[in-house]
Amino acid sequence: MKVTLRIFRFNPETDSKPYYKDYEIEADPKDRVIDVLHYIKNEIDGTLTFRRSCLHGICGSDGMRINGKNMLACSILLQDLGYSDANKTYKKPLVIEPLPGMPIIKDLVTDFTDFWKKYETVKPYLITKSQPPERERLQSPEDAELIMEASKCILCACCTTSCPSTWSNEDYLGPAALLKAYRFIFDSRDEATDERLDIIDTPNGIWRCHTIFHCVQACPKEINITWHISQLKKKLVEREI
Amino acid sequence: MIHQFDAVIVGAGGAGLRAALEIPEGYTCAVLTKVYPTRSHTGTAQGGVCAALGNEEEDSWEYHFFDTVKGSDFLGDQDAIEIMCYDAIRAIIELEHMGMPFSRNEKGLIAQRPFGGHTKPKDPNNPFGERVPVKRACFSADRTGHVMIQTLYENCIKRGVKFFPEFFVTDLIVQDNVVRGVVAIEIATGEIHIFHAKTVMFATGGYGRVYRITSNAVVGTGDGFAIVYRRGIPLEDMEFVQFHPTGLWRLGILVSEAARGEGGVLKNKFGERFMEKYAPTIKDLAPRDVISRAMYTEIREGRGIQGPDGTYYLLLDLTHLGAEIINKKLPEITGFARIYLGVDPLREPIPVQPTTHYAMGGIPTNVDAEVVIDDKGTKIEGFYAAGEVACVSVHGANRLGTNSLLDIIVFGRRGGKKMAEYVKEHDFPPLPKDADEWTRRTVERILNSNGKERVSRIRKELQEIMMDNVSVFRTGEGIKKAIEKIKELKERYLEIKIDDKGKKFNTDLIEAIELGNLLDTAESIAYSALNRTESRGAHYREDYPKRDDQNWLKHTLIYKNGDKEPIIKYKPVVITKIQPMERKY
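Residue numbers (the numbering used here), protein chains in the order written: chain G, 12 to 252; chain Y, 700 to 1284.
Calculated from the structure, these hints are not laboratory results. Please note that a few of the clues may not be correct.
[Stated by the list, open to error] One side only, chain G facing chain Y, incomplete, derived with CB under 8 Å:
(1) Asn22
(2) Ser64
(3) Gly71
(4) Arg146
(5) Met159
Quick reminder that beta carbons are idealized off the backbone N, C-alpha and C, glycines included.
Next comes chain G alone, as it looks inside the complex (with noise of 0.2 Å):
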């Protein structure tokens, strides 16, 4: 099938301003819009550029805008967006964008010093001030699933570059740096909740979160956020009674 792609760039030595540029090409429905990108790249256009590792959806490179929605590159065939004819002439362009909300670097290559900087603010390690056991510390089965979805999180940012509160604050911690909170508060390991509450309950903390979903649309791991971030807003007003 023949797709155009339309895509965001941007080389900060040359141009003033960012423009789109059309790239038509031949596509099989069954290709990753990844690799798509990869031909143009290879074949079409070299200075096209784009992160990328892993390429199915665990290291967290290359989160982009899609047609209008944030997800990775690598874990979405052209026939997921509407492109499942092998046989057609697609006009309607595929719209490939940087995540928004971030400095552009280059084309599709975004800063994420902000992003790691709000990682960083809700102390993303387990906190402990008993000695540990010899062995294991123990963990229900139950305890642990408590965790298991929080822990998925692969760090892409394409749910906190989703969220209309991020996009109206840039102090907002942003959902991914709040699951982050969450996979330690609920870890039955971890004994530093109070500390941890305090640096959420903040009106840039959890309490700019409006409950919009973004996030949960965005994130390519399916995992519900805004359920997540619900717990911690529980378990601040249990702390306040």
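Position chain Y against the provided structure of chain G, taking the given hints into account.
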């Protein structure tokens, strides 16, 4: 720009991060990675990390030791394997204490499951008698590597480890057998940096992208192998390349051995469970080299299934496992099958084919991750290697599943501890003049080159020839063909032209340098494979189908020799407790 750090670690996968945690307060440490630390390839490991914890049934580190020696087809060094299997228990407990979220059993202990080649004697009083699968792989669903890399990175954040993400290391600064630092390109700016160091560790991962079908990330371009090889340091046992039996058909994406650990079976086009023929006792849980060969044989003998594009696959059947096990214990791979092949593993079998997976060979080290360059144990002072890029050798001719995640945490830590001693006892060695000369010249050459060749074309041709001639089944004739092709591609590599001539985030340039690394790594694999005229573990020569302990119970060391044929030397295998025996499963 010149930086100075007591310790420089290249690569932020499990080995590099674990090593970084050992550098003591008061000494400076920098971790350089060409991606972001959490993007490292360790994160793609799925099924588990093994240790004889005995949480599910009786087990012993000595059984684990025996399995690993046998799995290695007796090429693994038994002193190193003993250290790894014994230390495994402590290493897993340590990860748990660091916060790694494991799946748990009903007792609240770390859950364990069976994995390929991991066994125990059926009768404990007869340790060398018949063996049965044992639950030894500790896991977190099928995301074990993912939660491991997250946990190690989290602990590095806690300790304030200094990272240089998206710094692409191009060269090792070494003179008179003393390491002095590394050279790196800062990808964001294109600037060339010199990192002057007392000690350097390479934990740069594998080279899967030498081959067309691979489970490896695009960044697995053999950088560490190629850099040291060019600097005159040998590579050990490069002929041993692991092909994982169950890659998703055409894509090579890994479908964990845990799928078979949980009860999945391989079938051919007649629906026969063919592994019963090749490994009658442990069947689908035989080691990877045995199963990959069996799959190639099934396809050759007409029992594979042909896809619309003419290529062949076999089937991994999980349909009898039920939704509970599939959704709870194998959620990721189930997702992969659905997303990429449109196959629902609950209802239909998954099309699979062997996929290039792991480098058993690499930079030769001793059991403390110190790089040694000959059979006498001569060291490169201050230079360490750990993880997939290193060859200790604990995996010998074939690695057992789950032993790679174990290798990185055991030898990453041991190397880190040695580096910690070294930085205390040594001053900075002087930096040679023009330490970044090779990098500057290479970058300039690539940017200014105006030839006709495209990087992607040469890369593809390399991947094809290696897949066709230096993979599961090999012949002298086929390997020679690959060597001739590599020579041709190296010539053509000098005639490349890239589109992006800029400085900032020039991935066109990075890919061109990576291609040079792929070519040098492929050369070391092909020549080592041609030289070893026997079959052992993952190295199967159809023209020499038998293992030959008399002549070949030894490690290969290959040294680059300019543009001429590489030089090959050997070093003995360390045998302590188990004499080589017939390897049957």
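task = List in ascending order the numbers of the hints, as given earlier, that are violated by the structure.
result = Those not satisfied: there are none.
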